[in-house]
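Chemist: Sequence:
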Amino acid sequence: MGDVYAKIKEQLDQNLPFVVYRKADSMILHAVFQENNKVYEVEDYTDSGFVFAPFDNTHKAVIIPSGKSNYCTATILSQTVNSEKRTSGIIDNTLLEDLEAQKKHIELVEKGIETIQSGRFKKVVLSRKEEVSIPDSFSSLHTFKNLIDYYPKAFVYLWYHPKIGTWMGATPETLIRIKNDNFFTMALAGTQPYIDTIDVDWGAKELVEQEMVTSFVTNKLSSVIKDIQRSKTYTHKAGTLLHLRTDISGVLDNENSRIEKIIEALHPTPAVCGLPKDEAKSFILATERYNRKYYTGFLGELNMNKDGVIKSNLFVNLRCMELSNGKAIIYVGGGITKDSDPEKEWEETVKKTETMKRVLL
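In terms of the numbering used here, the sequence shown opens at residue 1 and continues consecutively.
Note that these hints are calculated values from the structure, not bench results.
These numbers were taken from a predicted model, which means no experiment stands behind them.
Just so you know, even glycine gets a beta-carbon here, dropped at the ideal spot from N, CA and C.
Check each hint, because a few of them may be wrong.
Straight-line Cα separation of at most 35 Å, DSBU-like style, residue types lysine-lysine; simulated pairs [unchecked claim]: (1) K226 - K306; (2) K179 - K338; (3) K122 - K351; (4) K104 - K60; (5) K311 - K261.
Restraint ranges, calculated between C-beta atoms of paired labels, are given here [claimed, not checked]: (6) T73 - I106: 38 to 48 Å; (7) K163 - E264: 18 to 28 Å; (8) N303 - D339: 18 to 28 Å; (9) I28 - D98: 36 to 46 Å; (10) E279 - K226: 42 to 52 Å; (11) G2 - T287: 19 to 29 Å; (12) I76 - A286: 37 to 47 Å; (13) K104 - D339: 16 to 26 Å; (14) E100 - I28: 39 to 49 Å.
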């Protein structure tokens with residue numbers, strides 16, 4: 001594993017793009033090192049490599065191409081921190097709420113609820129960003145290792161391009177997973193803190209929101225995926241948080257199942273945008289008053305050849321941060337429905353920032 005980290009430092013010193021990542025429930029580290037500093041854009045999703053896509057799908061995704069990169073893996077020998085124990089401690093300074101940010105976010109949520117009540121859409125996901133100063137001694141590699149320890153059941157990554165920036169995160173949500181003709185995705189919604197058990201009760205707001213997301217995904221996939229199956233909805237633990245989750249699987253329809261069509265059908269998902277998608281997205285772009293960039297976009301392996309099998313594993317870019325000019329910019333949000341409580345929605349975003357701030361220590 002030391003060789004991988006040494007190569008990452010070498011890429012950083014030479015200002016060359018790379019991504020290093022670990023999949024959920026895995027002890028294998030994957031790294032893709034680009035050989036030049038060019039920005040490669042995805043044209044039609046027939047490319048092979050590691051893709052990094054923004055929330056706004058009118059802008060092109062970028063890719064670290066397989067043909068322009070070196071790929072390596074390493075075994076993670078041991079976890080240096082007990083992730084379960086770390087979840088129990090709340091850092092006091094993360095509870096000092098920025099009153100101006102609170103006021104703005106509550107006003108944004110109130111506007112979202114009013115627009116839902118007017119009948120324009122049923123759900124919208126509203127977000128904010130929080131900037132945290134980081135010391136000169138800050139190490140993105142050290143923080144990446146913290147993410148690995150803290151989120152054993154998430155897709156954890158560190159992505160760098162000298163012409164775009166540095167991003168890292170630990171996302172619990174799969175956008176699509178394809179192996180041969182088999183397809184998998186999930187519907188994820190609702191949030192509450194994890195307190196010693198996943199046997200918890202969910203309110204009507206969260207259950208309705210989850211059913212909205214699940215129905216949207218299955219309906220959108222019906223034209224490109226055959227034999228769609230959905231699991232029962234269950235509680236899923238992601239770090240210090242719990243979510244409602246429904247697994248969805250099926251078989252590719254070879255005539256219609258180009259990855260580009262599947263991505264077009266799903267992204268941005270109602271878990272990060274809203275319903276109906278176009279109306280919710282338009283509201284987000286007009287009212288959030290900041291650029292989400294790659295937050296709530298997607299990332300992952302695209303058409304990568306593993307042992308003679310072409311696989312794609314793409315994830316929604318949640319629970320992430322951007323590193324820029326001595327700051328960690330943490331992006332958080334939540335789903336808004338007609339039953340949302342603006343104060344509780346604010347508190348949910350605070351809990352999510354607390355989770356990310358811990359890994360910066």
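Chemist: Hint by hint, which ones does the structure fall short of?
Modeler: The structure breaks hints 2, 8, 10, 11; every other hint is satisfied.
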